[in-house]
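I would like the entire structure built from these sequences, with the hints used as guidance.
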Amino acid sequence: MKKYLESFSQRIFADLKSNEEVSLTVSSEESDFIRFNQSKIRQNTSVTQHEVTLIYQTNQRLYKAKLTLTLDLEKDLKLALSKIEMLRKQLNQTDENPQFFAMQNNGTSEVYKESSRPSTSELINLISDTFNDSDLAGFWSSGPIRQASINSKGQFHYFETDSFFFDYSLYSGPRAAKGFYADAQWNEKAFLAKAQDSKNTLSLLSRPQVKVGPGAYNSYLEPMAVAELMGIFGWGALSRNSYEQGFAPFKKLNEKELMLSKKFSLIEDNTLGLDTHFNSIGELVPSQLPLILNGELKNFLTSTATAKEYKLQSNQADSTEGLRSFEVSAGTLDQKDLLKTLSKGLYLSNLHYINWSDVQAARITGMTRFACFWIEGGEIVGPIQDLRFDDTIYNLFGAKLDSFTSHQEIFTNTSTYSKRSLGGMKVPGALINNFNFTL
Amino acid sequence: MQTEINQNLFASEFKKYKSEADFVAFKTISEKNRDYTVRNGKPDQFYESNDSGLLIEVMLNGHIGYGATSEFTSEGVQRTFHQALEMTRAAEKNSVFKFTQAIRPPSKGYYETSRTRKLDSLSLSEIYDFLKKTSLALKTNDKIISATSDVMLIETTQNYLSSAGAEFTQEFDIIVNSMQATARDGAETQTRSLHGGRGNCVQAGADFFNLDQALQDCEQISKEALELLTAENCPAETCDVILAPDQMLLQIHESIGHPLELDRILGDERNFAGWSFVEAADFGKLQYGSKMMNVVFDPTVVGEMASYKFDEAGNPAQKKYLIKDGILQTGLGSLESQMRSKISGVANSRSSSWNRAPIDRMANINLEGGDKTIEQMIESVERGVIMFANRSWSIDDYRRKFQFGCEYARLIENGKLTKILKNPNYRGVTVPFWNSLTALSNTTETYGSPYCGKGEPSQVIRVGHASPYALFKNIEVFGGG
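In the order they appear, the protein sequences are chains V and R. Be aware that the first sequence starts at 1, since it is given in our numbering, and climbs by one per residue. Be aware that the second sequence starts at 1, since it is given in our numbering, and climbs by one per residue.
Treat the hints with caution; some may be incorrect.
[To be verified] Per the computed footprint, the stretches of chain V lying under chain R, defined by three or more beta-carbons under 8 Å from a beta-carbon of chain R, are: (1) 94-106; (2) 120-127; (3) 185-191; (4) 212-222; (5) 344-358.
Simulated from the structure, these hints should not be mistaken for lab results. Here the structure is a predicted model, which is why all the values come from computation and not from measurement. Glycine included, every Cβ here is placed at the ideal spot set by N, Cα and C.
The structure is reproduced here in structure tokens:
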């Protein structure tokens, strides 16, 4: 792939005129997707796909065009060069872009990461055999992913990895326990231990259901539930561009009118090794970037484009200004003391479908999902019916935050919309007082 | 020229492999999507996606597996076919269901969007001119801090050939157009848009664009964004609610569309999008809503976003009642789901693109109109709220407990519209909510969404929703803060 990209980019750049710049952002994957229902296979899909997003810049104007690549060099070049020719004729008929900045040579690099895993055919049998005593719905995803950022200033960053994850849930009637297994190297013992954990949780769900109505309850959120909550932080909340345009849930935090808990720190952390060392335009990303430290906002995610428009300092955020690879700092609560400390309230393994209910107030709503229990006297009493919450981030990670666990879990990004994603997060569990449930 | 070359290769490669499994189908999807945004009269984003590739379906011993590639060359097709065959051979030993070839009918035909001028006739400068004028028209006041006008122009071609004899081509021109103004005064910030984000979706050609109408819309959007800065919060109480069609589109989508998908009911989506409160035994029996509730699946409506002649398995599109006189009738299930569940379904096997296997999706899901004027509906309300344009949505994984928020609302007191209200929200439970439906307007409006997410691997698909204004009794409403 790297050789193909060298040939492709050299031919594109050779065709440019003196006032033109081009960058190429490449994504490529060979993926096996296996979808399970009732512990059997519903659909299997193997996908080979390559795409390049060509950014063409001239006279303070820019245009992005994504093209799928066939890897037939002459065919792909014909399409790309015809696109550039069209832009030469049309782009100057528009106005200058306030986010325009000249391309830079951000260096060259190559990173290759390897993983080991059984073949997908072997996996099919292993998963079916492991869960033949269960009703499993799940999703296996694996294969190489390649990304590159190349530009006409001489920049050439190339990244190649191989990854896998198995995301699943086990059912007993309408009740379910969630499981997730991903690692750099396949470890069958660890996979089987996770499977057994999920089966053990499912057995707890067979206890009689406890009726819990709307109200405020002290709640323990497992790391996977905290991960769901953190998803909303990536939905414009920390984007400087969104902030400038009025989508500003953290306006009061930025203006120090409100604070989060001193126990809450959120750091963009590329040392976790979950994402590329360069962003989509090839800028090297900081190894660590504090966003919120001890409850105080330290940085928005600011791309170079946003920095140009608003005369700010870039911190090499990607153009979407979302979280890529981040950590919520651990606390001091020991896992073995969880239920005793909670004493009475809700144990929530997962949350679902979180959305802003009032952006400006940083108020969010969502549902509990999968294995969630009522706790009394520090013991599990029984599962609950799903509840809707509606509360503010200022409450949940502010005054209502009791503590984070000392234990953190890593969740790799499982998003497969259009293509497989890199990135992920490392988060602890959280004990939250008086979590507000409305339905 | 590019398309002709691909067509020849497509046909010749299909011939090579069509007898190599119990059933073989080749599908190509080529799509150009120009997504442009102008903010405060200046370029914000000029992005276009040119996406094309091949999906191969193979059936072995009743199990269907898939291979997909962007490497649309003889070597790429060969490699993809053999990968699909190998994986399907391994999978069929543990398949969840053994299908017959009846799930892939031998349909033949052609479909294209009804239009007088194709979207590809629009140049960048023509589109930019429209977006610049409308963006500037939104900025009527210094308090408007962001004025954006955007459009997605989507040109899609599908080709399908199968060993069962299917052969069809479908060409779509789709437009998603939005204008949005965000106003700020001190600590208050409010956003108003044309029908809520990207709700304004149609299947149409270049003649869709009407600058005079768009400039009038901009004036209204801007005025209402400024009104919201000084508006009262929506009160927290239980009262009547009238939902405008640009909110009803989400209400229909989330609390009717998704729970009726047969693959959800069969459990395929349990690990990701979720299950459903609807069970197989509910069809023909469940009083889903009040007797005035009639909901259709209809991919035959000219101009609605998700119209087509065949679904992606070759099942001919037909209008069907999902809910008739409030009673649940039909599931949103493809021929595959119909065979598995033995429940009546529709032609809705759809994929987001060539790189994903088709699954049960919505297309156009429409609520039929009633017999009241909007004025009569308002006059019938002693105390209530009328809400416009979706801005927030959330529902549980069984599609019972929902909460939605809108951009703009008016209080109704003694049959009259009174105060403007900001941050209107409401929540409820699906079946009791639809059973509280008490009036529908005699006019409908058509919208949609380009972003319906579902599936593993995940897929985003385009859906259309038409609805009248709808009056619901005794709904829990509340404001922001």
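Evaluation of the provided hints:
Counting residues of the segment 94-106 of chain V whose C-beta lies closer than 8 Å to any C-beta of chain R gives 6; at least three are required, and the coverage claim holds. Beta-carbon proximity to chain R at under 8 Å applies to 4 residues in the segment 120-127 of chain V; the threshold of 3 is reached and the given coverage holds. A count of 0 residues in the segment 185-191 of chain V with a Cβ less than 8 Å from any Cβ of chain R is obtained; the coverage claim is therefore unmet, three being the minimum. Remark: the segment 212-222 of chain V is not confirmed as covered by chain R, as 0 of its residues place a Cβ nearer than 8 Å to a Cβ of that chain, below the required three.
Coverage of the segment 344-358 of chain V by chain R holds. Counting CB-CB distances below 8 Å, 7 residues qualify, and the rule asks for three or more.
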